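Going by the working numbering, the residue at position 152 of the sequence shown is 154; the numbering climbs one at a time, nothing skipped.
Don't take each hint at face value.
Pairwise CB distance ranges, derived in the manner of DEER restraints [said to hold, decoys possible]: (1) 53 <-> 207: 46 to 56 Å; (2) 81 <-> 101: 25 to 35 Å; (3) 101 <-> 53: 41 to 51 Å; (4) 92 <-> 26: 14 to 24 Å; (5) 140 <-> 81: 14 to 24 Å; (6) 52 <-> 179: 41 to 51 Å; (7) 18 <-> 62: 13 to 23 Å; (8) 10 <-> 196: 47 to 57 Å.
Don't read these hints as lab results, they were simulated from the structure.
Predicted model only: the values in this text are computed from it and were never measured.
Built from N, CA and C at the ideal position, the CB exists for glycine as well.
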Amino acid sequence: MHAEDEGAVRSVLRTFDLLALFTERTRTWAVKDLTAASGLAKTTLLRLVATCEQRGLLWTRPDGRITVGPGMLRWAQLANTAWQLPEPVRQVLRDLARECRETVNIYVRSTSVLVCVAQEEGPQAIRHVGRVGDELPLGRGAAGQVLAGVAEGAAVCHGEPETGASSVAAPVRDGDGRVLAALTITGPSSRFGGAEVAALSEAVVHASGRISRIGLGTRAE
3 MHAEDEGAVR SVLRTFDLLA LFTERTRTWA VKDLTAASGL AKTTLLRLVA TCEQRGLLWT
63 RPDGRITVGP GMLRWAQLAN TAWQLPEPVR QVLRDLAREC RETVNIYVRS TSVLVCVAQE
123 EGPQAIRHVG RVGDELPLGR GAAGQVLAGV AEGAAVCHGE PETGASSVAA PVRDGDGRVL
183 AALTITGPSS RFGGAEVAAL SEAVVHASGR ISRIGLGTRA E
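Construct all of the structure, not just a fragment, from the sequences and the given hints.
Next up, the structure:
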């Protein structure tokens with residue numbers, strides 16, 4: 003790869019890393035704080051911000067703070083449409099959450115992370131709470147074990163990705179047997195004793211089989 007090409011790739015990666023700093027918890031940044039968080043020189047940061055503003059990905063507010071731009075709305079809508087699961091699959095999630103009384107998620111692998119593409123919250127007051135779009139490191143939690151290829155059947159994990167949380171997961175496969183996603187049940191570890199885990203594992207394997215037969219109906223397939 004030529005030096006010019008390497009520089010272009012580096013700029014793209016820096017831009018993606020910059021955009022990743024904007025989260026639900028940190029929706030706006032002051033320039034000095036964004037510079038420190040990104041590890042970039044201020045001149046480099048301002049150049050990347052200006053480029054992103056030209057494409058509507060970032061926006062500088064009148065008070066000088068930087069936030070996501072209106073161009074993100076198009077990408078968000080596109081992603082929501084592309085990853086909208088079929089209603090029969092959503093029904094399986096609702097049935098499983100009602101049966102197990104815990105939160106149910108579907109995760110897919112995106113390079114080195116897991117991304118939640120669907121969730122059905124459990125009915126109990128104390129429950130696992132996450133968001134569609136949340137990311138987890140590959141290999142973490144029961145879903146991470148499934149998508150990293152560590153577990154063939156049901157995977158069980160305690161204390162990951164959060165202390166006090168436990169999860170069981172099973173693979174969702176395509177017609178050729180390839181793993182597309184991980185169906186996961188997550189809740190407080192106090193409700194994931196030996197007998198409970200056995201029952202939850204049986205339930206998640208059964209539900210993942212149903213989803214595998216239905217198909218995810220997304221570009222993951």
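25 to 35 Å was suggested as the range; check whether the CB atoms of residue 81 and residue 101 agree with it. Between residue 81 and residue 101, where Cβ atoms are some 29 Å apart, the hint holds.
Do the beta carbons of residue 101 and residue 53 sit within 41 to 51 Å of each other? Once the Cβ atoms are compared, 49 Å apart, the range 41 to 51 Å for residue 53 and residue 101 holds.
Is the gap between the beta carbons of residue 92 and residue 26 within 14 to 24 Å? 23 Å, holds
Taking the beta carbons of residue 140 and residue 81, is their distance inside 14 to 24 Å? 20 Å, holds
Please check whether residue 10 and residue 196 have a Cβ separation lying inside 47 to 57 Å. Cβ of residue 10 to Cβ of residue 196: about 54 Å, so the range 47 to 57 Å holds.
Can you let me know if the beta-carbon spacing of residue 53 and residue 207 is within 46 to 56 Å? 47 Å, holds
Satisfaction of the hinted span 13 to 23 Å by the C-beta atoms belonging to residue 18 and residue 62: 19 Å, holds
Holds or violated: the 41 to 51 Å window for the beta-carbon distance between residue 52 and residue 179? 48 Å, holds
Violated hints: none; the structure is consistent with every hint.
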